[in-house]
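Protein chains: 2
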Amino acid sequence: MSVKTGSDLITRPMLMINEAQCRKNIAAMATKASIHKLLFRPHFKTHQSPEVGKWFSDGGIRAITVSSVSMAWKFATEGWKDITIAFPFNIRESETAALLAESTDLNVLFDMPEQASALGNQLRSVAGYFIKINTGNNRAGLEPTDYSGIDQIISAASAYPLKFKGFLTHAGQTYKAQSADEILAAHQNSKDILQQLKVRYKAKYPDLIVSTGDTPSCSLADDFYGIDEIRPGNFVFYDLMQMHLGSCGFGQISAAVICPVISVYPHRNEALIYGGAVHLSKEFLQPEQGRKTFGLAVPFQNNIWAAAEGQDHLSSVSQEHGILTLDSDWAKQLKPGDLVAIIPVHSCLAADLLGTKSNSNESF
Amino acid sequence: MSVKTGSDLITRPMLMINEAQCRKNIAAMATKASIHKLLFRPHFKTHQSPEVGKWFSDGGIRAITVSSVSMAWKFATEGWKDITIAFPFNIRESETAALLAESTDLNVLFDMPEQASALGNQLRSVAGYFIKINTGNNRAGLEPTDYSGIDQIISAASAYPLKFKGFLTHAGQTYKAQSADEILAAHQNSKDILQQLKVRYKAKYPDLIVSTGDTPSCSLADDFYGIDEIRPGNFVFYDLMQMHLGSCGFGQISAAVICPVISVYPHRNEALIYGGAVHLSKEFLQPEQGRKTFGLAVPFQNNIWAAAEGQDHLSSVSQEHGILTLDSDWAKQLKPGDLVAIIPVHSCLAADLLGTKSNSNESF
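So the sequence lines, in the order shown, correspond to chains P and F.
Each residue of the first sequence is one higher than the one before, starting from 50 at the first, in our numbering.
Each residue of the second sequence is one higher than the one before, starting from 50 at the first, in our numbering.
Okay, chain P solo, but in the shape it has when bound (with noise of 0.2 Å):
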């Protein structure tokens, strides 16, 4: 048996971190809040990580946002005790996030009144809750002028032990974005219905914040006139779709999947590499009368990865594998054995389909 060292243990594909790049990130973000005055509470979904959110701990954060129940216990069990799970309550999760109440400050959301009572029904202890608004992503939330649904959420809830924290959303449609202005443009009307939405329960409620919180939004934006807080994610990892959008720069971003090159075929132009759909997920970015590509592969030397030699990238993926279309020099000398980093199209679904191992190596 010889001695392994560095790149050499790797031979499965894996997910990399930039340890000082993630940590730059998070610095980043908790400094262009703190200039705006903005709660800020980042979404624990993309990473699910508990070193990473050591990381966030470092930096100062103590209140975070997740997903699901389930990711809400996980922390909870890490010691995060102020915790708001930003999806509209699955009422079957009653009893759970009942329990977790009981130890944690919890905050859930509604968009039906339904899952105030349910909810209410188990509680023991004080819960907070958001009401969902949809300002233009039509995945969830009640409509910005539903007066009569917001009454009958905040009414339902009243015969329980819940406290109104005020209206949040999450303009995801801004991952659609054709453009930086269309970002921003999303992020104006979030802005101003989460404000009329503010002027109008204030008096009543006096404590009430508004939130919200999209990657591309916080990244771009310099207005957050009138937000209270702010949820973004994505931006601990960014990735080639936040890339595109014009979130981040290359440089920023700190998640790259390293994966072993299985054959190549010259006569194609083509490589075959250990890395899919259940590694990578099957997200992919196609820009207007561009080329499908599934993630961008780059050198990957001495436990760091490079700068883009040129358009090679994922042309396709199987459920383990994909077909890297060779463009550069250094990708048509790629030969099997050869390891390549492949900047994911969404840094969420490789993080949570591999799980988070950072790379502490001190060149990074």
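The reader is advised that the hints may include incorrect statements.
Because identical chains share one entry, a pair is satisfied inside a single copy or across any pair of copies.
Derived EDC-like pairs: lysine to aspartate or glutamate, alpha-carbon spacing no greater than 20 Å straight-line [said to hold, decoys possible]: (1) K103 <-> D195; (2) K251 <-> E151; (3) K103 <-> D256; (4) K384 <-> E144; (5) K384 <-> E163; (6) K384 <-> E192; (7) K381 <-> E163; (8) K123 <-> E151; (9) K86 <-> D241; (10) K247 <-> E127; (11) K384 <-> E231; (12) K212 <-> E144; (13) K86 <-> D277.
No wet-lab data here; the hints were simulated from the structure.
Once you've looked at the hints, dock chain F against the given chain P.
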């Protein structure tokens, strides 16, 4: 704490397997293989489950296919002794594969001579190998008439305890077919190519076999002349894609993802369910002039899913949630806390994401 029974216990998305139908699918394909005098080496990447593996074992199956060294290792520890890793060999896993070859009848796949020497250098016992041929899928393998490439691999392997078993292909292009005729044409093409290679190399390697086996071809074809072995995998569960291709009927689908309804939005004929990309993957179907679908929604009651009531389908998925577009009267009456069964587009990915848990309810 109230006592809960049956479906009350389902609080989050879960994969449900109809064991009886699954066993029927196994028996049907085993019978077909037997009628056509084919070796049957089912692909275990679809289910990756020791329990489903046992159902194959109950059906007399002793030889299996997997798609990675780690999957081979997993099933070897479950007692499977005759394993083909049906993907070009990852030379970074040479040591592990060599170790595995000591306790199992292991076959690997080569499409470059480097793979043969890398594994060969580590082997302390015999391993078999197939040469992978590209019959139109354009993912991996040598071109059908690349005799020089074939001979280079055989020559490289001959220095080691590597036994040439024959030629293998995966006509994965059938998954993108638009009709049964197109699938059968791809199957015919693969057969012809493998047959030509067999004729050419049979004199020198009289024991060589040729192996094929995508689920669409194995389900639809009735002519396997010249083929020695089939390796379908997906047929164990089937799914929406296979139904769309005509490989199966609805009744043969034996896997569904059970999801709680979170909220309903009658004004836009939509519902929000707990069940998204991390449960179902981002794989979608988009028939020509048809709507994009990430899964078909059907009723789920008494631990059984029923036939579709209409065109109720998942029209979009985010990380953990999906939007159901409501068509039927049944779907339009859904309310928070109800359960729906989602027939996945691609059961292999859903099973990989959720893990395979069988439901051995007597109703099934």
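Okay, the hints, checked on the actual structure:
no.	hint	in the structure
1	K103 <-> D195	neither (40 Å within a copy, 54 Å between copies)
2	K251 <-> E151	neither (28 Å within a copy, 73 Å between copies)
3	K103 <-> D256	neither (30 Å within a copy, 59 Å between copies)
4	K384 <-> E144	between (54 Å within a copy, 19 Å between copies)
5	K384 <-> E163	between (58 Å within a copy, 9 Å between copies)
6	K384 <-> E192	between (55 Å within a copy, 18 Å between copies)
7	K381 <-> E163	between (58 Å within a copy, 17 Å between copies)
8	K123 <-> E151	within (15 Å within a copy, 41 Å between copies)
9	K86 <-> D241	within (18 Å within a copy, 70 Å between copies)
10	K247 <-> E127	neither (34 Å within a copy, 60 Å between copies)
11	K384 <-> E231	neither (42 Å within a copy, 34 Å between copies)
12	K212 <-> E144	within (18 Å within a copy, 59 Å between copies)
13	K86 <-> D277	within (8 Å within a copy, 70 Å between copies)
Consistency with the previously given hints fails for numbers 1, 2, 3, 10 and 11, ordered from lowest to highest.
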